[in-house]
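A.B. asks: Here is what each chain is made of, one letter per residue.
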Amino acid sequence: MSGFVVEARAASRTYPMPAGDVHALKEVSLGVPEGDFLALMGPSGCGKSTLLNLFGAVDLASSGTVLFEGRDVAKLDDGARTRLRLTRVGFVFQRFFLLPMLTAQENVLLPMLEARVPKQERAARARELLEYVGLGGRMDHRPSQLSGGEMQRVAIARALANRPRLLLADEPTGELDETTGESIARLLARLSAEGLTIVLVTHNPALAARARRTLHLRDGRIAEEWGP
Amino acid sequence: MIAFLARRNLLRQRARTLLCVLGLAVSTALLYDMALLSRGLKLSLTRILNEIRYDLRVLPKGGLPFSSEAELTRGHALAAELAGIEGVADATPLAATTLYATRSGDPRARGLAAFALGLDPAKQTLYRVHEGSALAPDDSTGVVLNAKLADSLGVRAGATIRLAPSPGVPGVEVRVAGIAEYRLDLHGQRTLALAPRTLARITGRTDDPAAFVLGKLAAGADGERVVAEWERRHPDTDAYEVGRLIGEIRGQLSYFQQFSLILGSVSLVVTFLLILTLLTLSVNERQGELAILRALGLAAPRVTLLVMVEGVVLALLALLPGFAIGALAARGLDAILTSSPGLPAGLSFFVPGAGALASTALLVLASATLASAYPAWLASRTNVALTLHREVT
Chain F
1 MSGFVVEARA ASRTYPMPAG DVHALKEVSL GVPEGDFLAL MGPSGCGKST LLNLFGAVDL
61 ASSGTVLFEG RDVAKLDDGA RTRLRLTRVG FVFQRFFLLP MLTAQENVLL PMLEARVPKQ
121 ERAARARELL EYVGLGGRMD HRPSQLSGGE MQRVAIARAL ANRPRLLLAD EPTGELDETT
181 GESIARLLAR LSAEGLTIVL VTHNPALAAR ARRTLHLRDG RIAEEWGP
Chain Z
1 MIAFLARRNL LRQRARTLLC VLGLAVSTAL LYDMALLSRG LKLSLTRILN EIRYDLRVLP
61 KGGLPFSSEA ELTRGHALAA ELAGIEGVAD ATPLAATTLY ATRSGDPRAR GLAAFALGLD
121 PAKQTLYRVH EGSALAPDDS TGVVLNAKLA DSLGVRAGAT IRLAPSPGVP GVEVRVAGIA
181 EYRLDLHGQR TLALAPRTLA RITGRTDDPA AFVLGKLAAG ADGERVVAEW ERRHPDTDAY
241 EVGRLIGEIR GQLSYFQQFS LILGSVSLVV TFLLILTLLT LSVNERQGEL AILRALGLAA
301 PRVTLLVMVE GVVLALLALL PGFAIGALAA RGLDAILTSS PGLPAGLSFF VPGAGALAST
361 ALLVLASATL ASAYPAWLAS RTNVALTLHR EVT
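Protein chains in written order, with our numbering: chain F, 1 to 228; chain Z, 1 to 393.
Looking at chain F on its own, in the form it has when it is part of the complex (with noise of 0.2 Å):
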């Protein structure tokens, strides 16, 4: 066991293109503890989004090694990878995506009917994760019904929905005003406090200062390093 949630380790990815391969990450080796909030900075195309799709098992490195809970992400079958997303790890994304003909209260339930919670206790939890992102009278609601703020808070508690190890947010703030993207960062601080491991991606250094540690990612290799 590596002793980290998710742990990247020389881990590189390149994309083949008509005009030439491009390499959004160079031998990056990272480890995320248990309970860290760990925010990735760095210019457009710096390969942020890419480390993130590695933790998140929705992507593979061409080479190195990506660890989830210990475990080698690209020894795992589709089926397991799947599986890992479901139950370990939590998505949010810049443009919410939540599924426009459900509402917040199903779109929050979608993972846990998934992954075959009993139908009471999905139903209390949903309740209870729309409650706790401040959008109790909301629920039925149709994202089409929602604010901007509110619809990344329904995204925030979708991807709390299994009780996920992991929640990766790939620039949760980038779509809102300063004052709903404030309301985004505490809610992620309280996420965090509360002792869930957070790694997001973000251009907004006041989000940035609520991480625990940042790292900044250049031309695909990390930088430099704050935080303690």
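Simulated from the structure, these hints should not be mistaken for lab results. Don't take every hint at face value.
[To be verified] If you want a taste of the chain F side facing chain Z, the calculated C-beta under 8 Å gives, among others:
hint: 1; residue: Ser49
hint: 2; residue: Val58
hint: 3; residue: Asp59
hint: 4; residue: Asp78
hint: 5; residue: Thr82
hint: 6; residue: Arg85
hint: 7; residue: Phe91
hint: 8; residue: Phe93
hint: 9; residue: Arg95
hint: 10; residue: Leu102
hint: 11; residue: Pro111
hint: 12; residue: Leu113
hint: 13; residue: Glu114
[What the hints assert, rightly or not] Simulated restraints on C-beta separations:
hint: 14; chain 1: Z; residue 1: Leu365; chain 2: F; residue 2: Pro100; range: 28 to 34 Å
hint: 15; chain 1: F; residue 1: Ala19; chain 2: Z; residue 2: Ala358; range: 55 to 61 Å
hint: 16; chain 1: Z; residue 1: Ala354; chain 2: F; residue 2: Glu121; range: 29 to 35 Å
hint: 17; chain 1: F; residue 1: Ala123; chain 2: Z; residue 2: Pro301; range: 24 to 30 Å
hint: 18; chain 1: Z; residue 1: Pro301; chain 2: F; residue 2: Pro100; range: 42 to 48 Å
hint: 19; chain 1: Z; residue 1: Thr277; chain 2: F; residue 2: Ala80; range: 31 to 37 Å
hint: 20; chain 1: Z; residue 1: Ile336; chain 2: F; residue 2: Ala123; range: 57 to 63 Å
hint: 21; chain 1: F; residue 1: Arg71; chain 2: Z; residue 2: Arg16; range: 41 to 47 Å
[As the list claims (entries may be wrong)] Sample of chain F residues with no beta-carbon within 10 Å of chain Z, all distances over it, derived:
hint: 22; residue: Pro18
hint: 23; residue: Arg165
hint: 24; residue: Glu224
The C-beta atom is built at its ideal place from N, Cα and C for all residues, glycine as well.
Assemble the complex: chain F is given as a structure, and chain Z must be docked to it using the hints.
C.D. replies: Just chain Z, lined up with the frame of chain F:
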């Protein structure tokens, strides 16, 4: 979960789903009608022939019942011989000719041509009386008219009419015993039935003519063996068991089956293309959502299943309206086809039944499943990281 998501996906674009279901309902209706047409004639013929309750037919060589002027002579002797073959329980001749009918006491009236059946009153199964009475076994003055002839003459049961072998001849006076419905009547045909000796009295013929001889098999008898024995004895005649007779008639009308096969195949292709097009469009539009579902933990086979279920649900939604439209269309088409000259009025080309419903439903669902396979495959191979990246940028 899959059913829940499929339902919501179909409901989010209500107009598009409705139009697709309507299109599928129309193609289902066509397929259903073709399923009815492909076996309707056989079912209908079988029903009529079974109602007549005679399993064997002996005909002049090369003919079908009532299909030509050809006739047998010595009908009663042939019937007695047929009844004597092992395995035959009973037999009776059936004579057919044209007689001219006038109402008694109306000397100016021209005779109305009517199809006359000379049959043994005790053994007849060709008509069902709904006014008056059937011919008594020893009745030599009575006739049973069909409603068309009775209306044309303006007579009811109990009246007297005159029957002649040719127009302009005074003929013989007979009593209308009853008005009946004939199982083999053609559309608009005027028909009457009378005892053979009454017919002989009118036509003056003494050679006992018969259009064909009907035979009834004993329980458990081998009809094919009886037919073979009869044909050995009388190579100048054709003998049929009901099943073979139906086969001969079906053979002569096989173009209906070819027609139903071609149009049924077209409707299946339309079903396939409708579902394929709609789901492929839908999957392409929902690439981002499908990537999210995969990121959230929906396995690729589950995404495949989701799209397949959407296709099958579309087909299921179309079944009920499809059957309703098909039933209405079948009624109209049947009215057109059975009004063709030379067909028994009781015949139907479209006979509803559970078999046609089940085979149509199975074919539509199979077509929908096949059509869903390609978009389902497209959906399952969504590159999650790339698609999410594209959705953001």
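A.B. asks: None of the hints should be skipped; say for each whether it holds.
C.D. replies: Cross-check of the supplied hints:
With a least beta-carbon distance of about 7 Å to chain Z, the hint placing Ser49/F at the interface is held under the 8 Å criterion. Against a cut-off of 8 Å between C-beta atoms, the interface hint on Val58/F holds, since the closest Cβ of chain Z lies about 4 Å away. A hinted interface residue such as Asp59/F counts as satisfied when its beta carbon comes closer than 8 Å to some beta carbon of chain Z; here the least separation is about 4 Å, so the hint holds. This hint holds: Asp78/F has a C-beta 6 Å from the nearest C-beta of chain Z, less than the 8 Å allowed.
Hint status for Thr82/F relative to chain Z: holds, with the closest Cβ pair at about 4 Å, below 8 Å. Look at Arg85/F: its Cβ gets to within about 5 Å of chain Z, closer than 8 Å, so that hint holds up. Interface hint at Phe91/F: satisfied, since its Cβ lies 5 Å from the closest Cβ of chain Z, which is below the 8 Å cut-off. Residue-level restraint check for Phe93/F holds (minimum Cβ-Cβ distance to chain Z is 7 Å; threshold 8 Å).
This hint holds: Arg95/F has a C-beta 6 Å from the nearest C-beta of chain Z, less than the 8 Å allowed. For Leu102/F, the interface hint holds, the least distance from its beta-carbon to any beta-carbon of chain Z being 6 Å, beneath 8 Å. For the restraint placing Pro111/F at the interface with chain Z, the shortest Cβ-Cβ distance is roughly 5 Å, inside the 8 Å limit, so the hint holds. A distance limit of 8 Å between C-beta atoms decides the matter here; for Leu113/F the minimum to chain Z is near 4 Å, and the interface restraint holds.
For Glu114/F, the suggested interface contact is upheld, since its CB lies about 6 Å from the closest CB of chain Z, less than 8 Å. For the pair Leu365/Z and Pro100/F, the supplied restraint of 28 to 34 Å holds, since their beta-carbon distance comes to about 29 Å. Separation of Ala19/F from Ala358/Z is about 57 Å and conforms to the stated range, judged on CB atoms against 55 to 61 Å. Separation of Ala354/Z from Glu121/F is about 44 Å and departs from the stated range, judged on CB atoms against 29 to 35 Å.
The hinted range of 24 to 30 Å is satisfied by Ala123/F and Pro301/Z, whose Cβ atoms lie roughly 27 Å apart. Checked against the hint of 42 to 48 Å, the pair Pro301/Z and Pro100/F fails, with Cβ atoms roughly 24 Å apart. At about 35 Å, the beta-carbon gap between Thr277/Z and Ala80/F stays in the expected band of 31 to 37 Å. Here the CB-CB span from Ile336/Z to Ala123/F is close to 58 Å, well matched to the stated 57 to 63 Å.
Taking the beta carbon of each, Arg71/F and Arg16/Z are about 44 Å apart, inside 41 to 47 Å as hinted. Separation of Pro18/F from chain Z is adequate, the least Cβ-Cβ distance of about 15 Å exceeding the 10 Å criterion. The claim that Arg165/F is not at the interface with chain Z holds, since no C-beta of that chain comes within 10 Å of its own (minimum 14 Å). Listed as a non-interface residue, Glu224/F keeps its Cβ farther than 10 Å from every Cβ of chain Z; the least gap is roughly 25 Å.
Of the numbered hints stated above, those contradicted by the structure are hints 16, 18, listed in ascending order.
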